[in-house]
Amino acid sequence: MHRRLRTWTAIASAVAMGALTTGFAPATTAPNDMPEARAFLAEYGADESTQDRLVSTYLAGGRWDSMKGVEPVSTQESTRADGTYTVSTFPDGSIQVTRVEHASPASIVSRGITGCSVNGKQYNGCKIDTWVGAVAMSFYTSYNLGTNTVTASPWGAGWSLWPDCGSSVTYLGKPTTNRAQLNLKATMCATLFTTNFELRLTVAGGKATVTWA
Numbered sequence: 002m003h004r005r006l007r008t009w010t011a012i013a014s015a016v017a018m019g020a021l022t023t024g025f026a027p028a029t030t031a032p033n034d035m036p037e038a039r040a041f042l043a044e045y046g047a048d049e050s051t052q053d054r055l056v057s058t059y060l061a062g063g064r065w066d067s068m069k070g071v072e073p074v075s076t077q078e079s080t081r082a083d084g085t086y087t088v089s090t091f092p093d094g095s096i097q098v099t100r101v102e103h104a105s106p107a108s109i110v111s112r113g114i115t116g117c118s119v120n121g122k123q124y125n126g127c128k129i130d131t132w133v134g135a136v137a138m139s140f141y142t143s144y145n146l147g148t149n150t151v152t153a154s155p156w157g158a159g160w161s162l163w164p165d166c167g168s169s170v171t172y173l174g175k176p177t178t179n180r181a182q183l184n185l186k187a188t189m190c191a192t193l194f195t196t197n198f199e200l201r202l203t204v205a206g207g208k209a210t211v212t213w214a
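Position one of the sequence shown corresponds to residue 2 (this note's numbering), numbered consecutively onward.
There could be a bad hint or two in this list.
What the hints assert, rightly or not - Simulated crosslink set (DSS-like; lysine-lysine; CA at most 30 angstroms straight-line): (1) Lys69 <-> Lys128; (2) Lys128 <-> Lys186; (3) Lys175 <-> Lys122; (4) Lys186 <-> Lys122; (5) Lys186 <-> Lys175; (6) Lys69 <-> Lys175; (7) Lys208 <-> Lys69; (8) Lys128 <-> Lys208; (9) Lys128 <-> Lys175; (10) Lys69 <-> Lys186; (11) Lys175 <-> Lys208; (12) Lys208 <-> Lys186.
Said to hold, decoys possible - Pair ranges (Cβ atoms, derived): (13) Gly63 <-> Ala43: 43 to 53 angstroms; (14) Ser57 <-> Lys208: 31 to 41 angstroms; (15) Lys186 <-> Val74: 26 to 36 angstroms; (16) Gln123 <-> Ser75: 12 to 22 angstroms; (17) Ser154 <-> Gly206: 17 to 27 angstroms; (18) Gly70 <-> Val170: 19 to 29 angstroms; (19) Gln77 <-> Gly157: 27 to 37 angstroms; (20) Asn125 <-> Glu49: 42 to 52 angstroms; (21) Asn120 <-> Phe194: 21 to 31 angstroms; (22) Pro36 <-> Gly207: 22 to 32 angstroms; (23) Thr177 <-> Gly70: 44 to 54 angstroms; (24) Gln77 <-> Glu49: 15 to 25 angstroms.
Because the hints were derived from the structure by calculation, they are not lab data. Don't be surprised by glycine CBs; every beta carbon is placed ideally from N, CA and C.
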């Protein structure tokens with residue numbers, strides 16, 4: 002488990018049929034029962050019936066609560082060598098994992114933000130990321146908590162989706178001065194339905210917040 006969560010490269014190896022990349026080649030085989038997503042869910046406490054329901058929903062084109070911005074019903078934190086992990090469980094039993102680095106200054110403690118170089122209220126080269134087992138997304142940007150602005154155009158989009166028969170970035174940029182976001186469009190293998198995912202950083206009130214849907 003620790004190896005999968007240590008870096009986004011490792012995360013990508015834990016999500017079946019994917020590697021964190023700026024593109025994603027179409028899958029050459031039909032998806033099966035999402036064993037890697039099941040392993041992720043089981044590791045964080047989802048029983049087999051919950052896994053069955055979530056996998057069926059996902060393969061039929063539905064979204065888990067962890068992908069829709071729904072409020073979690075519980076959160077738990079654990080400390081590991083590379084950071085503090087927050088595990089959020091949602092009403093439908095889906096799960097989201099985020100990390101905060103131990104080395105981060107107190108003012109940067111925000112779920113889904115790691116790797117910043119800090120100079121006063123300026124935070125440079127931050128990785129913005131999220132992981133829900135079947136979907137992982139990330140990008141890099143810089144921001145200033147004093148002016149509440151995103152100070153660099155986002156770069157380095159990375160993602161891993163399962164099952165994925167083709168995905169691409171539809172937007173990576175700053176729609177407003179205090180927001181940066183990554184949007185993906187993906188076609189899932191089982192039903193060939195198309196879905197969209199968004200990962201967003203918002204800087205307001207001297208605080209940086211990561212959300213996604």
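Each hint, compared with the structure:
1. For a cut-off of 30 angstroms, the pair hint linking Lys69 to Lys128 stands: about 21 angstroms separates their Cα positions.
2. For the given pair, Lys128 sits about 21 angstroms from Lys186 by alpha-carbon distance, which is consistent with the 30 angstroms threshold.
3. A hinted pair counts as satisfied when its Cα atoms are at most 30 angstroms apart, and Lys175 with Lys122 qualifies at roughly 19 angstroms.
4. A distance of roughly 34 angstroms separates the Cα atoms of Lys186 and Lys122; the hinted pair therefore is violated under the 30 angstroms criterion.
5. For the proposed pair Lys186 and Lys175, the alpha carbon gap of about 18 angstroms is at most 30 angstroms, so the pair holds.
6. With a C-alpha separation of about 21 angstroms, the suggested pairing of Lys69 with Lys175 holds against the 30 angstroms cut-off.
7. As the CA atoms of Lys208 and Lys69 are separated by approximately 22 angstroms, the hinted pair is consistent with the 30 angstroms bound.
8. For the hint pairing Lys128 with Lys208, the CA-to-CA distance comes to about 16 angstroms; that is within 30 angstroms, so the pair holds.
9. Of the pairs offered as hints, the one joining Lys128 and Lys175 holds, with about 15 angstroms between alpha carbons and a cut-off of 30 angstroms not exceeded.
10. In summary, the hint linking Lys69 to Lys186 is supported, as the alpha carbons are separated by about 15 angstroms, within the 30 angstroms threshold.
11. A threshold of 30 angstroms between alpha carbons decides the hint, and for Lys175 with Lys208 the separation of about 17 angstroms falls inside it, so the pair holds.
12. About 29 angstroms separates the Cα atoms of Lys208 and Lys186, which keeps this hinted pair within 30 angstroms; it holds.
13. Distance hint check for Gly63 and Ala43: the Cβ-Cβ separation is about 20 angstroms, which falls outside the suggested range of 43 to 53 angstroms.
14. Separated by about 38 angstroms at the C-beta atoms, Ser57 and Lys208 satisfy the suggested range of 31 to 41 angstroms.
15. Between Lys186 and Val74 the CB atoms are about 30 angstroms apart, so this pair conforms to the stated range of 26 to 36 angstroms.
16. A hinted range of 12 to 22 angstroms for the beta carbons of Gln123 and Ser75 is inconsistent with their spacing of about 35 angstroms.
17. Under the hint 17 to 27 angstroms, the C-beta atoms of Ser154 and Gly206, about 23 angstroms apart, fit the expected range.
18. Range check, Gly70 to Val170: about 20 angstroms between beta-carbon atoms, so the 19 to 29 angstroms window is met.
19. Separation of Gln77 from Gly157 is about 30 angstroms and conforms to the stated range, judged on CB atoms against 27 to 37 angstroms.
20. For Asn125 paired with Glu49, a C-beta distance near 44 angstroms keeps the hint of 42 to 52 angstroms intact.
21. In this structure the hint that Asn120 and Phe194 lie 21 to 31 angstroms apart at CB is violated, the actual value being about 45 angstroms.
22. At about 43 angstroms, the beta-carbon gap between Pro36 and Gly207 misses the expected band of 22 to 32 angstroms.
23. The beta-carbon spacing between Thr177 and Gly70, approximately 18 angstroms, falls outside the hinted interval of 44 to 54 angstroms.
24. Taking 15 to 25 angstroms as the suggested C-beta distance range, the pair Gln77 and Glu49 conforms, at roughly 21 angstroms.
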